[in-house]
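Full structure from sequences and hints, please.
Below, each chain spelled out in residue letters.
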Amino acid sequence: MAKLHLAEVTYAYSEEPVVRALTLSLESGRFYGVVGPNGAGKSTLLKLMDGYIRPQQGVVYLNGRDLRSYSLAQLAREIALIPQTSYYFPFTVEEMVLLGRTPFYSRWGAPSARDRRIAQASMEITGVAQLAGRLVSDLSGGERQRVTLARAFAQETKVLLLDEPTNHLDLEHQISTCRLLKERSRQGVTVVAVLHDLNLAASFCDHIFVLDQGRLVQEGQPGEVFTPELIAQVFRVEVPTLRHPLTGRPIIAP
Amino acid sequence: MRRVLRRVGGALFLLFTAAVVATALGSVNIPLAHVLGILAARLPGLGELIEPGWSPAHEVIVLRVRLPRVLLALVVGGGLSVAGVLFQGSLRNPLADPYVIGVSAGASLGAAVGLLLVIPRGIVGYGFLPLFAFAGAVLATLAVSRLGQRRGRLEPTSVLLAGVALGAFLTAVVSLLMVLRIENLQDVYLWLMGSLSGRTWSHVSMAAPYVFLGLALALWLAKDLNVYLLGEEAAHSLGIDVQRVQRLVLLIGSLMAAACVAVSGVIGFVGLMVPHALRLIVGAEHRRLVFHSLWAGAVFLLLADTLARTVFSPLEIPVGIITAFVGGPFFIYLLKRGSDFHG
Chain A
25 MAKLHLAEVT YAYSEEPVVR ALTLSLESGR FYGVVGPNGA GKSTLLKLMD
75 GYIRPQQGVV YLNGRDLRSY SLAQLAREIA LIPQTSYYFP FTVEEMVLLG
125 RTPFYSRWGA PSARDRRIAQ ASMEITGVAQ LAGRLVSDLS GGERQRVTLA
175 RAFAQETKVL LLDEPTNHLD LEHQISTCRL LKERSRQGVT VVAVLHDLNL
225 AASFCDHIFV LDQGRLVQEG QPGEVFTPEL IAQVFRVEVP TLRHPLTGRP
275 IIAP
Chain B
3 MRRVLRRVGG ALFLLFTAAV VATALGSVNI PLAHVLGILA ARLPGLGELI
53 EPGWSPAHEV IVLRVRLPRV LLALVVGGGL SVAGVLFQGS LRNPLADPYV
103 IGVSAGASLG AAVGLLLVIP RGIVGYGFLP LFAFAGAVLA TLAVSRLGQR
153 RGRLEPTSVL LAGVALGAFL TAVVSLLMVL RIENLQDVYL WLMGSLSGRT
203 WSHVSMAAPY VFLGLALALW LAKDLNVYLL GEEAAHSLGI DVQRVQRLVL
253 LIGSLMAAAC VAVSGVIGFV GLMVPHALRL IVGAEHRRLV FHSLWAGAVF
303 LLLADTLART VFSPLEIPVG IITAFVGGPF FIYLLKRGSD FHG
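Listed in order, the protein sequences are those of chains A and B. Residue numbering for the first sequence follows the working numbering, beginning at 25 and increasing consecutively. Residue numbering for the second sequence follows the working numbering, beginning at 3 and increasing consecutively.
Everything labelled a hint here was simulated from the structure, so no lab data went into it. This one's a predicted model, so the numbers in the text were calculated from it and none came from an experiment. Since no wrong hints were added, every one of them can be taken at face value.
Here are some of the chain B residues that sit facing chain A, going by a computed Cβ distance under 7 Å: (1) R94; (2) K225; (3) V229; (4) L231; (5) G233; (6) E235; (7) A236; (8) H238; (9) S239; (10) L240; (11) G241; (12) D243; (13) G285; (14) A286; (15) E287.
Beta carbons: idealized from backbone N, C-alpha and C, even for Gly.
As structure tokens, then:
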């Protein structure tokens, strides 16, 4: 059974649908990349998977159950989302990461020792443990992104959705973020990332979804998907693709 | 738990001390011991044991004049500050204040209608003034929260813009009324500046329930507000019903602010400055922020009001002038500091 399944999903913010009759399936333990030109419906797709918006037609299934049958609190234990825009109030790094544990304790309660252990482990994985007492509002862009990642990891969900997680990051942090996501997927998590950098997608993802104008144009392993023909068709530019001499994965070389 | 009790105890002690000292100060200074004695004499059981060593005039000043005013300063200061926390949080904007969604403009119009059109004709008495102001504030708030919706969802930016636009419109109506009814101009003008002068127990009992209820609800929603600060989508994925929290928080903040402004007029800057300063000191965690803003706002307004009635004694200046006098430079400092929450 697929972890997440979208069946003929259509969504429109106003008149014109941004996602049209989309059908796709995602398995556990895989790292999925969603690519496509601006306005292809990538972010909308993530919001549909997260239940933030509901399809006007079609159904999103999580573990074989209609997403709409889950309560908000149940969903928070199943799916974590890192949206494109984040706000950084003066929380300490530790407080911010602990916010990822909020679905697990009550309104009047406080994080348990277990919650704190999980938050600590997440901070160590993402390399922000030494920043625990600092204010997120004082951190650099790359550090904030890793704190946000630690928060999502602390939520310990089986599905992790990320909207352009590598935006505004330098090369080192782009690569370390993708490695962390890949590792996460190897632990059984379904990771879905909207990526603008096709080369990052080609190097790290197991499976690529190519969207254009709200439709799924192509899907498959990076090697099958990233052909000069497809890139010309979807992104409207002519670029050659090469093969990586070590990994055999495609390299888009404009 | 013990730490929480110690903090709450500390805050209560501070508020009590500030209240007693402020009650002793004024055009007639009353010894602290007498203030404490007058208060203790009112306690059931303890009252009979105390020999009154003070003049009856002092007792009247303490119980009828100063104490209600001091308590009202605490209630309004705390209420405006907590309302400020709620507005800054729910609009994710550090420059939002309790008046941002038209509360003050609505209250002003309500008060102006009362003072210029209804009360002078003897239809109702001055005691009804807070009700006019409260009704105006609530109506304006409802209008802004309707105008601030897009596709059925409240959006912080739309709410802010709608608040500013409606505020400008209502202020223009108030000015027009003032020009047309120039004979009662002074009443309205004094009200607009904000003052706690001449307030009685009935004002305290009108504002206090809203402030206490609002405080309880603010603490109840603190956890949701923390998550809400991460942004709508992130908060949703952490299990928060974003629209519900936003509506509730705006509603609670508006009612608190409306009740405060109804009894004291438009006292600016308390609800802007106190939460902001406290956020810099204790951080954005809302349970802490609400608690510290409450006592700090209460003490700040009490201090400002005590200055307002003692500095140029026997002349009294509206407390709004003092808070703005401190608040204006602070606001500029905030702008210079570049206080933007956005990534």
